[in-house]
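Respectively, the protein sequence lines represent chains F, U and B. Heads up: the first sequence begins at 547 in the numbering used here, then just goes up one per residue. Heads up: the second sequence begins at 3 in the numbering used here, then just goes up one per residue. Heads up: the third sequence begins at 781 in the numbering used here, then just goes up one per residue.
Simulated from the structure, these hints should not be mistaken for lab results. Everything numeric in this text was worked out from a predicted model, so none of it was measured. From the three backbone atoms N, C-alpha and C, an ideal C-beta is built for every residue, glycine too. Careful: at least some of the hints might be erroneous.
As the list claims (entries may be wrong) - Here are the simulated lysine-lysine pairs, PhoX-like style, with alpha carbons at most 20 Å apart:
| hint | chain 1 | residue 1 | chain 2 | residue 2 |
| --- | --- | --- | --- | --- |
| 1 | U | LYS26 | F | LYS570 |
| 2 | B | LYS887 | B | LYS937 |
| 3 | B | LYS1042 | B | LYS937 |
| 4 | F | LYS733 | U | LYS125 |
Stated by the list, open to error - Some chain F residues judged to face chain B by a derived CB distance under 10 Å, without partners named:
| hint | residue |
| --- | --- |
| 5 | ILE655 |
| 6 | ARG716 |
| 7 | VAL718 |
| 8 | MET729 |
Chain by chain, the residues:
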Amino acid sequence: MQLVDKDQVSKSLGGRLFFNKFMKVLFLLCTMVGLVVLVTLIVDTVLDGWDHLTWDFLTSFSSSRPESAGIYGAIIGSIWLMAVTAPVAIILSVGTALYLEEYAPKNKITNFITVNISNLAGVPSVVFGLLGLTIFVRQLSLGNSVMAAGLTLALMIMPVIVVASQEAIRAVPGSVREASTGMGATKWQTVSRIILPAAIPGIITGIILALSRAIGETAPLVVIGVPVSLLVTPNSVFDTFQALPMQIYNWVKMPQEEFQYLTAAGIIILLLILFLMNSVAIFIRNKYSKRF
Amino acid sequence: MSEYNIREMIQNNKNNKSTKFVEKAVPTILFIITSVSILTTIGILYTLLSETFIFFTRVPFIEFITATEWNAFSADPTFGIIALVMGTLKIVLISTIVAVPVGLGAAVYLSEYASDRVRRIIKPILEILAGIPTVVYGTFAITFVTPLIREMFPGVSLYNAISPGVVVGIMIVPMIASLSEDAMSSVPRSTREGSLGLGATRFETVLKVVLPAAASGIIASFVLGISRAIGETMIVSIAAGSTPGADFDLSTSLQTMTGFIVQVTSGDAAFGTDLYYSLYAVGMTLFIFTLVMNLAAQWITRRFKEEY
Amino acid sequence: MAELKMKEESVMNEAVRTTEQQNQESGIVQSSRSVFEAKDFNLWYGDNHALQNINLTFNENEISAIIGPSGCGKSTFIKSLNRMVELVPVVHTEGDIVYRDQNIFDKSLTVEELRTKVGMVFQKPNPFPKSIYDNVAYGARVHGIRKKKVLDEIVEKSLRGAAIWDEVKDRLNANAYGLSGGQQQRICIARALAIEPDVILMDEPTSALDPISTTKIEDLMQQLKEKYSIIVVTHNMQQAARISDKTAFFYQGYVVEHDDTKVIFENPKDKRTEDYVSGRFG
């Protein structure tokens, strides 16, 4: 007696193969959703905003009259903001990653720190905004300054850079570490002269990606109370400022249709900056990815 | 041959004070830097807890969790968090309906069907999509998706749950796709070959072998995606409106927890008012929701970690 | 001055004589001073007793080979000599290892100092992801030598010493990863030579290399033993027979036999050594 009916098997095979093809197309369509949305978003934005992307737009301050409103203050403000966020976030994150990978003993405290960092990564940005509002703006009396917002964003992106840096450090092969230790180099000499330089491309990629998230981040700035109309640029980190995403948010809420075009123009600028940052990150990653 | 005595030079440098000092100081400095991450958590908890505590001395806790109305701005305010939670849940529901199948489908395609070349094109696109600021997504929702939906369903109002829900869903697709793909890629090739070698089709192999084997990672990616949707702020602030309500209507204006925080802080909430403190009570609720989701995702990954 | 030198020499001669006497007593014929001496040395990985009562002496200007089947503890032992084995957190040791009259576990000798004097070449070539020059100059820089002129000389001398100068002298600033495996390993040897160690430990230095590169490294080792003491772990018995003066056979964490290489390979005293060197197991 035959347990497997061969005719039955071959008869059902056609159907199975068709279904397999069908599902493959379906999965491909799912993958294409992202591409379609991206293209739609970009085309829609460019169509709306391209005509308003003028030199005047780039060099004027914000205004309640759409025809004379520009993005100058917001761009300068965002640069100031990154000038605070970047160094603080880099020092905190790379330091933390080095400690966790190279120095931390394997115990409960280290484990707790690691879990804590991955939880911080999941805290909504608006909650970081509340932290910044309460601690930096009010208790440390920094007001809605570049410093208050910069510190808030630095804390927010820290977990991202820590994880990226940890991965980059872990990717440095143990054999290279052994070679340095075996020559009588001290721990810190090995870390600072061998491991850190070898991990730098990965760390920089993580930093750029995290900063590109910070530069488009809006919610914490709203909560901190970053102003939407201001006719000066900051002179120090303790001055208040405007920021690119805040400007976009402000415009998109305006009832006049004319402002929608400004919104689109502002988004083009923001996306161009992000595109540039991402290209640099991808360039660094590809250039240095296969070294070991 | 040499005019230098290397051994002697090394010996002379042996007791370099600064090297020894640095060696001792570095671990301490790095530990202090590391403790900032703990301080951040303490800061968040302190901020939320202390102000929430004051809030509950003014508004009864029972009212907060049982009342179904949220009228924070009225002269005689009611603070029923359910109204805001319902708003958040509507967004989460719609975004999950969009993001889970699309994200998982994309993950299956990338991990099981796509050639290396296709993967190299698609993955950066997903990365770009993941890097688009939420304010841009919000603008996209209100200027493109909402009009599209209103054309198809004329009964839908300008502010509704569907448009921001769909866009939040699209926003979390890259996250679900990439985390699920990681989970599927770590299923060993030999497991797949076992099934394919018996004459099973690709799809049957995916369904019966790969997906079950990668289930914990995939489910964790869903949970993390939902957590992101709960905390998403700008898209809902721009496209969902500001009308809190404990109803099930998806076609009218609503408000989420995050949307409320933005609405209050956009204006000038006078320090010390009930409205001001309600900000933190909502923030606390939001924090608990996302924390629970994140811990759940970590637990799932750890608890059901497949050993290959 | 001259008198002092003569005095030194006579002290040295005396020292040589005493070790010779001792060695004759212990049945091993030696011609020079010992650099390393393990005395009742034991090592555990957690609960695993990986090295048991090791008693071994290694001499100056000789190549000593350590052979044995995988898992016998030979790599663990050679890494104990410069205390690299302690990088594994669960390791603990008992007994002594004496390096030139100084117990290496003594607090007065820092691990950095020990490793400066006892260089190591590893199983797989492991150059740093830096230029050839920076690779070789690394040790000197770490130990505080910064003058360009001195570094230049160290680099050239070490590369010549490792018999690779002619191959790389025109591209010292090229990344060491661009070299072939055999060249990389010779860069690693040059890197170890640069700080003029006293002893060079080699942990299966040719196991990742092709036969031609292996021959080059073996020739190099013969030259190096004029100036350095070399201890080499190898799983390749022919290699041990070709290059070493003394050979120790490790088996399951014990030293089964330690003698002149000729004796080990032609006339071993222990049955297990005979089985191993004749290829019956391993």
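Here's how the hints hold up against the structure:
1. LYS26(U) to LYS570(F): violated, 59 Å
2. LYS887(B) to LYS937(B): violated, 33 Å
3. LYS1042(B) to LYS937(B): Not OK: LYS1042(B) and LYS937(B) at ~34 Å, beyond 20 Å, violated.
4. LYS733(F) to LYS125(U): violated, 38 Å
5. ILE655: violated, 16 Å
6. ARG716: violated, 15 Å
7. VAL718: This interface hint holds because 8 Å falls under the 10 Å limit.
8. MET729: holds, 4 Å
Checked against the numbered hints listed earlier, the structure breaks hints 1, 2, 3, 4, 5, 6; every other hint is satisfied.
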